[in-house]
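2 protein chains.
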Amino acid sequence: MDGKGATSGRGILFILSAPSGAGKTTLAKLAISKIPGLKQSVSYTTRARREGEVDGKSYNFVDKAAFQKMIGQNRFIEWAQVHGEYYGTALDAIEKAKAEKSDILLVIDVQGAAKLREKKVDGVFIFVLPPSLAVLHERLGIRGTEDVREREKRMETARNEIAASKDYDFLVINDTLDAAEQEMEYIIRAERCRLKRRSLDFPDYTPHS
Amino acid sequence: MDGKGATSGRGILFILSAPSGAGKTTLAKLAISKIPGLKQSVSYTTRARREGEVDGKSYNFVDKAAFQKMIGQNRFIEWAQVHGEYYGTALDAIEKAKAEKSDILLVIDVQGAAKLREKKVDGVFIFVLPPSLAVLHERLGIRGTEDVREREKRMETARNEIAASKDYDFLVINDTLDAAEQEMEYIIRAERCRLKRRSLDFPDYTPHS
Chain A
1 MDGKGATSGR
11 GILFILSAPS
21 GAGKTTLAKL
31 AISKIPGLKQ
41 SVSYTTRARR
51 EGEVDGKSYN
61 FVDKAAFQKM
71 IGQNRFIEWA
81 QVHGEYYGTA
91 LDAIEKAKAE
101 KSDILLVIDV
111 QGAAKLREKK
121 VDGVFIFVLP
131 PSLAVLHERL
141 GIRGTEDVRE
151 REKRMETARN
161 EIAASKDYDF
171 LVINDTLDAA
181 EQEMEYIIRA
191 ERCRLKRRSL
201 DFPDYTPHS
Chain G
1 MDGKGATSGR
11 GILFILSAPS
21 GAGKTTLAKL
31 AISKIPGLKQ
41 SVSYTTRARR
51 EGEVDGKSYN
61 FVDKAAFQKM
71 IGQNRFIEWA
81 QVHGEYYGTA
91 LDAIEKAKAE
101 KSDILLVIDV
111 QGAAKLREKK
121 VDGVFIFVLP
131 PSLAVLHERL
141 GIRGTEDVRE
151 REKRMETARN
161 EIAASKDYDF
171 LVINDTLDAA
181 EQEMEYIIRA
191 ERCRLKRRSL
201 DFPDYTPHS
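Residue numbers (the numbering used here), protein chains in the order written: chain A, 1 to 209; chain G, 1 to 209.
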């Protein structure tokens, strides 16, 4: 029948977004280490690998020719060019995880998430926010930034990102990392109990069975 | 801001149904004892109090005249007459709990739940099922029943109840009581993180704040 219920994956796609500085990368790592049956979806990028980043884990690092070829092959469910570099989510990784009944956690910016919604991708959209405006300012470094332009730019970005949160299914408040991870876990395990995701083993139920 | 997040109630109405013998009463009791901010909604009935039942806890026991007066005052969100006795869910208890930001667990049969859905009551609908057909038969006493008519009647009821599960939001599988209670808890705490139920404390967010 239904296997281990809320403890095993079902091929559900979880989409995680947050303003910069809300701690989404750390939170995603923690969630994946703690929740069985949940895997991170690894994006493709053409930007240079930074120190500490691992190819195939942080990103799939490819060159521009390879990325453009993938675009031509329709292999991305969403992609974007930011400051001249490409970023994209490949369809095949998600299809593969779905086939294996792993749940997938895709960390993506608000524009990428909006594209997934436009394409009616069946996913659970989660937005992470710090507990207050004051904390957000602090984490974004807005309070400590002397440069007025830089300050304005960061505020503008944060404002747009917060405005985008209204299109998500769930809000996770990242007050402490533990509490935020707990909330993520509740959401992921509850979604595994959703009617449409549980295959009922009562197909041939008849009065004479 | 948002208080204790997934640990405190938000005035959400959770509706719990199950076939007879699926263990919904025990499960509801366990969930209420374990999840802070969750209260049981107590139904009204005109049937006689059974041994072990407590007035105001198991049911609000009232006489027929009182019940009919409440019907006339539109005080029920749903009511039904079964074998000559009245059963009903009063609006005031739910309104009161909502005002207090308690979450409410309402244990109700599939017909009652259908009426709530018809009235577009904003609730989270949870259906509890045993893990398999064999276990259901066993728990319903179908296997041990010699009387063919009684057997048919129980099967018919179970079949109708299982068919009704398709209109619910979540399925909880009552394999062990602990696992089922865990699933209930995931669902309740996750719903507390749902976007529409979290009041964001970023109302006056402006670029110059």
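Fair warning: there could be bad hints in the mix.
Identical chains blur together in the list; that is why a pair holds if it fits in one copy or across any two.
Claimed, not checked - In silico DMTMM-like pairs for lysine to aspartate or glutamate, Cα to Cα no more than 25 Å straight-line:
# : residue 1 : residue 2
1 : Lys196    : Asp167
2 : Lys166    : Asp147
3 : Lys101    : Glu185
4 : Lys119    : Glu150
5 : Lys196    : Asp63
6 : Lys64     : Glu161
I should point out that these hints are in silico values taken from the structure, not numbers from a laboratory.
Quick rundown of the hints versus the structure:
Taking the shortest Cα distances, Lys196 and Asp167 sit within 25 Å of each other both inside one copy (21 Å) and across copies (10 Å). In this assembly of identical chains, Lys166 and Asp147 lie within 25 Å of each other by CA distance neither inside one copy nor across copies; the values are 30 Å within and 57 Å between. In this assembly of identical chains, the alpha carbons of Lys101 and Glu185 lie at most 25 Å apart whether taken from the same copy (17 Å) or from different copies (23 Å). Within a single copy, Lys119 and Glu150 get their C-alpha atoms no closer than 34 Å, and across copies no closer than 52 Å, so neither meets the 25 Å cut-off.
Taking the closest pair of Cα atoms, Lys196 and Asp63 never come within 25 Å of each other, the shortest separation being 40 Å inside a single copy and 42 Å across copies. Taking the closest pair of Cα atoms, Lys64 and Glu161 never come within 25 Å of each other, the shortest separation being 28 Å inside a single copy and 57 Å across copies.
Comparing the model with each earlier hint shows violations of hints 2, 4, 5 and 6; every other hint is respected.
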